[in-house]
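K.L.:
Protein sequences appear in the order of chains A and B. Per numbering that gives the first Met the number 0, the very first residue in the first sequence carries number 0; after that it's consecutive. Per numbering that gives the first Met the number 0, the very first residue in the second sequence carries number 0; after that it's consecutive.
If you're looking for bench data, these hints aren't it; they were derived computationally from the structure. Check before you lean on any hint, since a few could be wrong.
What the hints assert, rightly or not - Subject to a maximum C-alpha distance of 27 Å in a straight line, what follows is the list of computed DSSO-like cross-link-like pairs (lysine-lysine): (1) A:K90 - B:K189; (2) B:K340 - B:K299; (3) B:K525 - B:K363; (4) B:K138 - A:K61.
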Amino acid sequence: MTAAAPATPAALAATALHTISLLVRNKPGVLVRVALVFSRRGFNIESLVVSPAFDAEIDGYKSAPGEFSRMTITCSGDPENLEQIVKQIEKLIDVVHAVDHTGQAAIECEIALLKIKVSLKDRTEILQIAENYKAKVVDYGQNSLIARCAGESDKLDAFIALLKPYGISELVRSGKILMARGLAAT
Amino acid sequence: MSAPQPSVKTMTGGEMVIRCLEREGVEYVYGYSGGAAMPIFDALVDSKIKLVLVRHEQGATHMADGYARSSGRPGVVLVTSGPGATNCVTGLLTALMDSVPMIVLTGQTITSMLGKDAFQEADVTGITYPVVKHSYLVKNAADIPRVMKEAFHIATTGRPGPVLIDLPKDITQGPCSAPFVDQVSIPGYKIPGRADMAGVKQAAAYLSKARKPVLYVGHGAVMSGAGEAILRLAEKMGAPIVNTLLGKGACREDHPLHLGMLGMHGTAYANKAVDGCDLIMAIGARWDDRITGKLSEFCKDAIKLHIDVDRAEFSKIVKPHVSMLGDAKLVIEDLLPLVTKADTADWVKEVGAWRKAFPLKYPKKGGLRAQYVLDRLDKLGGRDCIITTDVGQHQMWAAQFCLTTKNRHWLSSGGAGTMGFGFPSAIGAAMANPGKKAWCVVGDGGFQMTLCELATAMLQKVDVKILVINNSYLGMIRQWQELFFDNRLSGADLEGNPDFVKLAEAYGMKAWRVKRTGDVDKVLKKAMEHKGPCLVEAEVVKEDNVFPMIPAGAALSGMIIEKPKTKMEKPTGST
Chain A
0 MTAAAPATPA ALAATALHTI SLLVRNKPGV LVRVALVFSR RGFNIESLVV SPAFDAEIDG
60 YKSAPGEFSR MTITCSGDPE NLEQIVKQIE KLIDVVHAVD HTGQAAIECE IALLKIKVSL
120 KDRTEILQIA ENYKAKVVDY GQNSLIARCA GESDKLDAFI ALLKPYGISE LVRSGKILMA
180 RGLAAT
Chain B
0 MSAPQPSVKT MTGGEMVIRC LEREGVEYVY GYSGGAAMPI FDALVDSKIK LVLVRHEQGA
60 THMADGYARS SGRPGVVLVT SGPGATNCVT GLLTALMDSV PMIVLTGQTI TSMLGKDAFQ
120 EADVTGITYP VVKHSYLVKN AADIPRVMKE AFHIATTGRP GPVLIDLPKD ITQGPCSAPF
180 VDQVSIPGYK IPGRADMAGV KQAAAYLSKA RKPVLYVGHG AVMSGAGEAI LRLAEKMGAP
240 IVNTLLGKGA CREDHPLHLG MLGMHGTAYA NKAVDGCDLI MAIGARWDDR ITGKLSEFCK
300 DAIKLHIDVD RAEFSKIVKP HVSMLGDAKL VIEDLLPLVT KADTADWVKE VGAWRKAFPL
360 KYPKKGGLRA QYVLDRLDKL GGRDCIITTD VGQHQMWAAQ FCLTTKNRHW LSSGGAGTMG
420 FGFPSAIGAA MANPGKKAWC VVGDGGFQMT LCELATAMLQ KVDVKILVIN NSYLGMIRQW
480 QELFFDNRLS GADLEGNPDF VKLAEAYGMK AWRVKRTGDV DKVLKKAMEH KGPCLVEAEV
540 VKEDNVFPMI PAGAALSGMI IEKPKTKMEK PTGST
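The shape of chain B in the complex, shown without the other chains (with noise of 0.2 Å):
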C-alpha cells in the first residue's frame, strides 16, 4: 500500500483571479485594499505580480491607464467594494473616452446580501454601465476563468476600453475547481481587421486625384502602430500631416510633412491646411468638435474618408465619402500600393509658407513663461522621454512645443479632459517602460487632485519628473473668463496653494523651484539627471493665454492667433 496522497488544496476564487492575471502576463496590479476585497489580496502574497498600493483608487486607475497608454498592454486595477469601487468612475471614463484597455476588479459585498444595503455596498455595475466596455458580476465561482479571459480579450481587441469584474466576497473566499479558460466565444462580438477592399481602392483613386490633401491622425494611429505606413503614404503623395492630441506620436512630429496638432489650439498652419484642403483622411480619428468647431463650415467642400476600428464613428459627426472599417495600420498598407503620386507640390509650397507666416509664438518679455520653459524641456531631452500631462493651458503649451516623435510616449486625458490624470498615469507609464523617464506636466491645479501619489512615487521608485507649471490659476477658466466673460473670474483663483518644492520634501522627494528664466535649463538638466522621481515647481506668469485659439463652436477660420482688441462674443460650441 502506497502512503496516502496529500489531498489537492482547492484553490479560492481570489487565488484562481490571481492566477488568471498571472497567465494573462499582468506585472503590477494598481490597487486600494478593502473588506469586500481581502480574499483578492491574501491570494497576491503569494503571486509574483507586484501590487502597488496607492493612495486614492483614482489614482489606480490613472495608472493602469498610464501603464496601457505607453505599452499597449492592459493595466489592472483591483480595489474594493462601494467607495472603493465609486472612486474608479472617473478612471474608468478617461480610459473608456480614450479607448484605453484596462481590468478594473472591485470587490464586492456577498451575493446573499446584494441589494439589501449592506456595508460598503453599491451597485457598482450599475453605476459604471456608461463608462465601461463591458462589464461582470460574478455570481458563479465556477466562472471565474471565462470572465477573466474574456474581459482581457474584450478590453484590448477591436476599440480598446476599459472591463469592470465586480467580485462579491463569497465567491473570490469560497472554492473554485474550474478548469483555466483559454478560448472566447462571444456571438456578435467582430474584431475588424482588413478593411473591405472596395472601399479601399474608392478611397485610393480619392486620394490619387486630390491636389491638396490631408492626413489627420488620431490616438487609433497610435495603438494600431500605423504611424510608419502614414508617413510612407504621406511621403508618397505628398500630404501633409495633423495629428489630434492624442495622435501625437503616431507619426513623428518632426518630419518635414508634418503640421502638428490641429483643433481649438493647434498650430495656426495645422488648421489653415485643414480649412484649406481638399480632402481630408481621418485615420483613427473620430472628428471631435475641439477639432472640426463649426460643423457647417468644418471641410465644407472637401472630400471625407474615415478610417475607423469601430464602425459607430462612421457618420457619427462627419459623413464620409469613404469610410473603411479596419485597423488603421492594415488599411494603410492596403492603400498604400493603390494609391499613385498626386501632384500636390504647389500646396506643400502653400502650406510650408504658412508654417513660416504663422508660427508659434509667445511673449518672451514680463517673466517666466510656461511655454518658455516647456520648449526648453522639448530641446533638454524630452523627446526622449515619456511625457504626461494634466488638463488645462500647460496641455495645450505642452502639446504645441514638446514635440513627440515616438509611438506612445505622449499621454493626456483627451476626451474626459481629467485633471488628476498626468501625475498618476506617469507612474504607470515609469512602470511600464523601465530605463525611461517619464515627465509629467502638471499644472498647480490638476496636480493637487491626485498629489498623493507622491508617496506611491517615492515607494516604487519609479524614474518620475513632476513639472508644476505654477500660475497660482486654473489657468484655462482664467482665459475663458478673460475673453469671453469681461474678466469677470469666478472660481479661478487658486489662492492657498501649498509650497509645492516643501510638500515633495515632506515625502521626501527631492524639488527644485525656478522663477527665473535664466535657471530654467540648469533646474531641467538637474532633474533629468537625478535618479527616481523629483519635482520641479516652475512658478510662472500668472496671467498667460493659449494661442492660437477657435472659441468652441466657432468655424476654423475663425481662429485668433494674439488676444483680440475687441470683446468676443460668448463661445456656442461643446464647453
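So here's chain A without its partners, still in its complex pose (with noise of 0.2 Å):
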C-alpha cells in the first residue's frame, strides 16, 4: 500500500461511522419518513438493509407476519447531531424502537460480492486470498471470477483492498446488519 492511495468512501466514514437498528411497522413509506429525518440534518446514509422481523409480540401487541421490518442503517456524522436523529426516528409513529449500538458490544456481519478479471497467471493467488478470508468463489468464467466474502465489515474493506490491484470490475456490498448481545434488544 501507498501513503497516497485514495481513501474509499467505506474508508472514509469508518471514521466515525454509527449503526442504528429500527423495528418499524412494514408499511410503503416508512422507508421515506426514515431518510427525512437524516437528509432534513444533512446526514447521508452509508448503507441501509430492511428485512421482515421475527413475528414477536411487541408490549402485549401480537404481530401478525409480516407486520414489522428491521431495519439496520449506517450513517456518518458528529454524534450529538446523532442523539437527535435517533430521538426523531423514534417519534415517528410507524417506528416501534431506534437503538444506536454505536459503541456497543454487538454482532455485526455484512456479505460482499466482486467481479474480479482474472488472468489465468493470478488466478492462483486470488483463490489463496479468498481461501485466507474464507471467502467462497460463487462463479467461474473464462476470464472472471466472482467471490463471495461475509463477515465484519472491516473483513470486506481489508478483502477488497487486497483484490484491488488484480482488477475489481463488480463490487456489490449488503450493508450492515447487526445484532445486540446477550438478552439486550437490538
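With the hints in hand, could you dock these two chains into one complex?
P.N.:
Printed below as a string of C-alpha cells:
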C-alpha cells in the first residue's frame, strides 16, 4: 500500500461510523419517513438494510406475520446530531423503537460480492487470498470470477483492498446488519 | 311467513368517514369541495356536522387550527386532491410547528390511477411527510374506521400535531362494511404522563436552592392547562414568570410575579431576569432561537431544568441539568410538595426595579401609534376576548400590550410565523367559543393573504372583530432594513393596498377607519358592541419600530431599548 492511495468512501466513513437499528411497521412510506429525518439534517446514509422481522410480541401487541420490519442503518456524522436523529426517528409513529449501537458490543455482519477480471497467471494468487478470507468463489468464468465474502465490514474492506490490484470490475455489498449481544434489544 | 326484511343499506366509505367524525364529537368541518372529495361531501349532507365552506384551503387549515388552539379539541379540514391538498401545506406546517391537533382529510384520485398523473392528482402523502405528525393513504375501505380512530388519537395525545388522511375516491365511493373501532393499538407510541420521580426530586432540590430563579413558560403549559399549578409554584418559591409568545395565557400576565414575554421583542425586564437568573426552568417550551439569542451566552452559568412531553426536545438546543419527561401540569403538581421556599426576596426586588426602570414605552407624538391602539384594546375589554394575531410588528406589539389573563385566549403563529394565519384562526376560535368575541389583530400585509375569508366570516356570522393595523408597509421587514441594511428598502412598501373599509363593505361587513388618537376609544367601543363580524382599520404611523429588540443571534445582554445612534451589524442568527 502506498500512502498516496485515495481513501475509499467506506474507509472515510469508517472514521466516524454509527449503526442504528430500528423496528418498524412494514408499511409504505416508512422508509421515506426515516430517510427524511437524515436528509433534513444533511446526514448521508452509508448503508441501509431492510428485512422482515420475526413475528414477536411487542409490548403485549401480538403482531401478524410480516407486520414489522428491521432496518439497520449505517451513517457517519457527529454524535450529538446523531442523538437528535435517533430521538426524531423514535418519534415517528411507524417506528416501534430505534437503538444506536455505536460503541456497543454487538454482532455485526456484511456480505460482499466481487467480480474480478482474472488472467490465468493471477488465478492461483486470488484463490489463495479468497481462501484466507474464507471467501467462496461462486462463479468461475473463462476470464472472470465472482467471490462471495462474509464477515465484519472491516474484514471486507481488507479483502477488497487486497484484490484491488488484480482488477475488480464490480462490487456489491449488502450493507451491515447487526444484533445486540445477550438479551439486550437490537 | 313474515314480510321480507328491507335490505340494510351498506355505508359508503365516505359515509363511514363522516360517521367516524361524528363519533369523535366533531362539530365543524372546514372544507372546500372538489371532484375527488365528492363522496365525502355528499355524506356530509345527512350529518349533523356543520360544513364551513371556506374560500381557500389555507383558510380552512387556519380556521381548524384556531378552533383547536382555543378549545383543545382537534380541528378538522376536508379538501379535494391535488391543488386542494397542496394549499393545505402551509396550514399543516403552522400546526406542526406549534403542536396543534388537527385532522386533514384530502380526496385523492382512484387507487388504480395513483401515480399515473391523473387529473388533480398529487403525491399528497409524499408532499406532506415533513409537515405532519403522521399520515395515512387509505387503500382499503375496511381500514377507514381504524385509521380514523388512530388519527384522532395520534393528533391529540402526547405532543399534539396534525394528521393527514388521503382518501382515494373509489374508497370513499365504494362500500365499507367494517365495524367501528374503539381501541387503538400502536406499538412503540408512548404518551408521557407523570415524570420519573428521581428527576423530579433532583429538580426540586435545585429549585429549593435557587436564589434567582425564573420560570419560563411555553405553549406546552397552555395545552396542558398547567397555569394554576405554575402560579402556585411561583408563589411558593418567589420565582418570577416569563412566557414565550405562545405561552401567553398559561399564567395570567397581570400577576405581580409575571414579567410578560421574553425573547427578541420581549419586555426588557423579562430578558434582564433571564439574563441574570441562577436557575431557569422551561415548562413546555423549547429554547427557540427567538428566546435564547446567542446560545453560547444564554444563561451561561444558570441551572437549566426542562419539562417537556417530547423527549426529542431535551438537549436539542440546550442541554438541561435535569430533564423531566411528562405532562407539564402533572410534573409541576409533583414538584410542588417537594419544593421548599427559597430566599428570593432580593431577586424579586431586583426584578421589580427593572420593571420600573425599563417599562414598555413608545413615542406618544407624530400620529396614531399601533401600540396605543393595542393598549386601548387591552383596556377596553380585550382581556376578556380571544386575541389572534398575524405575523410581524403588530404581532409583537399585541404580545407586549395586550395582556393575556386566560388560558387559550391568545392565538398566534409562532414556530412557522405564517402570515395569513390571524384572520381565519379568529373565525375558528369564535366558532369554538360561542359567546366569546375574537379580536384578530392583523397587519395590512398578512390580512391580504387570507382576506377572501371575509365571505366565510359573514356567512357564519361569527363574532370576529378584525383590527387592521395599517402602516402600508411590511413593517418588520422595513424595520430590519432601516436598522441593518442602511434603510435600503426592498420589497417592504405595500403600495397598492385597497381601501380596507370599502373592501369590508363590499362583503356586507360593518367597518370603521380610525386615523386620530382621539377617536380610538370611540371606534373600538363601537366594534366591541357590534353584533357579528366587523372591521376596524387603524391607519397608523408608517415608520415605527418594535422595541425592545435583541438582534437575531445576539446575546440577551445585546438587547436594545430604542433605536441606536450608530449603525448596527447585520444579524447573524437564524432569520
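K.L.:
Check the hint pairing A:K90 with B:K189 against an upper bound of 27 Å on the C-alpha distance.
P.N.:
Distance of about 9 Å is within 27 Å: holds.
K.L.:
Verify the proposed pairing of B:K525 with B:K363, using a straight-line Cα cut of 27 Å.
P.N.:
holds, 24 Å
K.L.:
CA of B:K138 to CA of A:K61, is that 27 Å or under?
P.N.:
Holds, at about 23 Å.
K.L.:
Within a Cα-Cα threshold of 27 Å, do B:K340 and B:K299 meet the stated pairing?
P.N.:
holds, 24 Å
Checked against the numbered hints above, the structure violates none of them.
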